[in-house]
Amino acid sequence: MTRTAVATTRLTKSYGEFEAVRGLDLTVEGGETFGFLGPNGAGKSTTISMLCTLVTPTGGTASVAGHDIVRERDEVRRNIGLVFQDTTLDGYLTAEQNLRLHAGLYGVPKSELGDRLRQVLDMVGLWDRRGSKVNTFSGGMKRRLEIGRGLLHSPRVLFLDEPTVGLDPQTRSSIWAYIRELKQAEDITIFLTTHYMDEAENCDRIAIMDHGRIIALDTPEALKASVGKDRVRIDTDDNEKAIALLAERFGLEATASEGAVTFFVEQGEKFVPTLFGEFPLPIRAVNVARPSLDDVFMSYTGKTMRDAEATAGQRGRDTMAKFRGVRR
Amino acid sequence: MTAVQTAPVPRIRVPRRSVAGELRAIKIVWQRELIRFFSDRLRILTSLVQPFLFLFVLGTGLSQLTSGGTGGLSLRTFLYPGILAMAVLFTAMASAASIVWDREFGFLREMLVAPVRRSSIVIGKCAGGATVAAFQGVIVIAIAGLVGVPYAPDLVLGVFGIQLLLAFTITAFGVMMSARIKQMQSFMALTQMLILPLYFLSGAVFPASNLPTWLAVLNRIDPLAYAVDPIRRIVFSHLTLAPAVRQRLDAGMTWGSWRVPTLLEVGVVAAIGAVLLAVAIAEFSKTD
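Protein chains in written order, with UniProt numbering: chain C, 1 to 328; chain W, 1 to 288.
Simulated from the structure, these hints should not be mistaken for lab results.
Please note that the accuracy of each hint is not assured.
[What the hints assert, rightly or not] Result set (DSSO-like, lysine-lysine): computed pairs, CA atoms no more than 27 Å apart in a straight line:
id	chain 1	residue 1	chain 2	residue 2
1	C	Lys110	W	Lys182
2	C	Lys142	W	Lys182
3	C	Lys133	W	Lys27
4	W	Lys182	C	Lys133
5	C	Lys183	C	Lys110
Since the structure is predicted, the reported quantities are computational estimates derived from the model, not experimental observations.
Build the full structure now, drawing on both the sequences and the hints.
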C-alpha cells in the first residue's frame with residue numbers, strides 16, 4: 001500500500017495575531033508510522049485537529065486518505081480513527097457499550113460488529129473486561145480501550161495525539177507494544193504526536209516541530225546521523241567562562257542548559273582526555289552520549305525540549321496539563 | 001497480550017451519510033441518555049426531592065395560613081399542577097447540564113468527530129433529556145391520588161404531553177447555552193440564577209390573576225407560564241369546585257382581557273423550543 005495517507009500544502013492556522021501552525025508541507029505515505037515531535041505549544045495538536053476536521057485551517061490545504069479536509073469533511077471522518085490526549089470515553093458506560101455507541105455513530109454494519117468487537121477488544125487485551133464500567137479502568141486500560149475504539153471502524157489513518165501522556169513508564173511501553181502489534185494486524189497509517197523523545201524513535205519518520213514550523217523531517221536514524229557528533233556535557237563552577245573558553249581554545253560552540261554546559265564534538269570519548277588536559281577550569285563531571293532525538297532538537301533550535309516548553313508556554317508542563325484539564 | 005488473529009475479520013466499510021444513518025445517530029445519542037439516567041438511581045431520587053418538598057412540606061405547612069384563600073381546596077391540590085411542571089423543569093435542566101459534563105470529560109469530542117451531522121447529535125441530546133425528564137414527570141403524575149386529583153385518561157395524557165414538550169424546550173435551552181458556556185461551574189451558576197425566577201414568575205405557586213402590573217407583565221413573558229397554565233387547566237377541569245373558587249384559582253393566562261386558548265399556549269412553548277433547538281444546532285455546527 002503506497003497511497004498517500006496525509007498530504008498538506010502550506011497548511012496554516014492562526015488565532016488572531018498568533019500563528020499556531022505556519023505553512024506546513026508534508027506527505028505521509030500509506031502504511032507509515034509518522035511522528036510529530038516537539039514541545040507543548042509547538043502546534044502539533046492544532047495540526048492534528050485540522051487533519052481531523054475539528055478545526056478549520058486559515059490557509060493552505062490538506063487531504064487525509066485522499067479527501068480534502070475542508071470540502072470533504074465527512075469522507076475524512078469516515079476514514080480516520082482518533083485517540084485524543086484526554087480521554088473521550090463515557091466512564092458511566094461499560095467498555096462494550098462505549099464501543100457499540102461508537103459503532104452506531106459510524107454506522108458499522110450490525111452483521112460484522114460482533115466479530116469486529118471481539119477482534120479489537122482482543123487486540124487491546126480488554127475482552128475479559130468488556131462488561132466493566134470504564135470508570136473502574138486504570139489510565140493505561142482506558143487508553144488501550146480508546147485505541148481499540150479508534151480502530152473499530154477500520155480507519156485508513158489512525159491519529160494518536162500524545163497516546164501515552166500521563167501514563168507511567170511501564171504502561172507507556174505496553175501501549176507501544178499494542179501499537180506495534182496493531183500495525184502488524186491492520187493495514188493502517190499511524191500519525192502520532194509526542195513530546196517524549198524515546199517514543200518518537202518507534203516511528204518510521206519524524207517531523208520535528210517548533211513554533212508552528214517543521215524544522216526537520218526524516219527517519220530517526222537519519223536525523224541522529226545529521227547531528228553526527230556526540231554530545232558532551234560538562235559541569236563547571238563557572239559555566240559562562242567555560243563557554244567562552246571552549247570557543248576560544250577549541251573553537252566549539254557550547255550552550256548552557258539545565259545547569260550544565262553542552263556541546264557537540266566528533267568522537268567525544270577521544271576528546272575528553274584532551275579537554276581535561278588543556279582546560280584551565282576545574283571540571284566536576286562529564287558525560288558523553290551518542291546523539292539522541294533530543295540532541296537533534298537542540299542542534300536545530302539551540303535549546304532543549306524542556307527549555308522550549310518553559311519559554312513557549314510561559315508555564316511548565318504541569319500547569320499546562322492542569323490547564324488542559326479545565327479546558328477540555 | 002492476547003494475539004488472537006486466527007480468523008481475519010473483513011475490513012469494516014463505513015457507509016456513506018444517509019438519512020437512516022442520521023436517525024440511527026439520534027437514536028444512539030438518545031439511548032445513551034437513557035442508559036446513563038437509569039444507571040444512576042441516586043439522581044432519579046434526588047431530582048424528585050424538590051417537587052415532593054414543595055408539594056408536601058410547603059403545601060401542608062402553608063395551608064394553615066391560606067385555608068381561607070383557597071376556598072376550601074387543599075393547598076396541595078392547588079400546587080400540584082405547578083409541581084408537575086417543576087419535576088420536568090429540574091430534570092431537564094440537569095439533562096442539559098450533561099452536555100457540559102460531556103465536554104469537560106471529553107466525550108463530546110467523540111460525538112463531534114463522528115461522520116454524522118451535528119444536528120443529529122443535538123436532536124438526540126434534546127430528545128434524551130426530554131424523555132428522561134418526562135419520566136420524572138410520570139412519577140409525579142402517579143401521585144395524583146394523594147392530592148385528590150383523579151386518574152382520568154385525558155388528564156394523564158394531556159399533562160404528559162405538555163410535560164414532554166416543556167422538557168424538550170428546556171433541554172434545548174440548556175443545550176443552546178452549553179454551546180457557549182463550557183464550564184460546569186458557570187453553567188450551574190447560570191441555571192441556579194434562572195430556574196427559581198422562572199419558576200416563581202410562572203404562576204406555579206400562586207394564581208396568575210389579580211397580580212400587580214409589574215408581576216403580571218413578568219408572568220406573561222415567562223415561557224414557563226405557558227406550560228403551567230394549560231397543565232392547571234387540565235387538572236382543574238377534573239376537580240369539582242364552586243365557580244367563584246375556580247375563577248380565583250384558575251383564571252387562566254390572559255393577554256389584555258383575552259384568555260389565551262390552551263392550544264396557543266402549547267404552541268408558544270413549542271415555538272420557543274423549536275427556535276432554541278435551531279440556535280443550538282447552529283451553535284454546535286460551527287467549527288473554529
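Going down the list of hints, with the structure as the test:
no.	hint	in the structure
1	C:Lys110 with W:Lys182	violated, 35 Å
2	C:Lys142 with W:Lys182	holds, 24 Å
3	C:Lys133 with W:Lys27	holds, 21 Å
4	W:Lys182 with C:Lys133	holds, 26 Å
5	C:Lys183 with C:Lys110	holds, 25 Å
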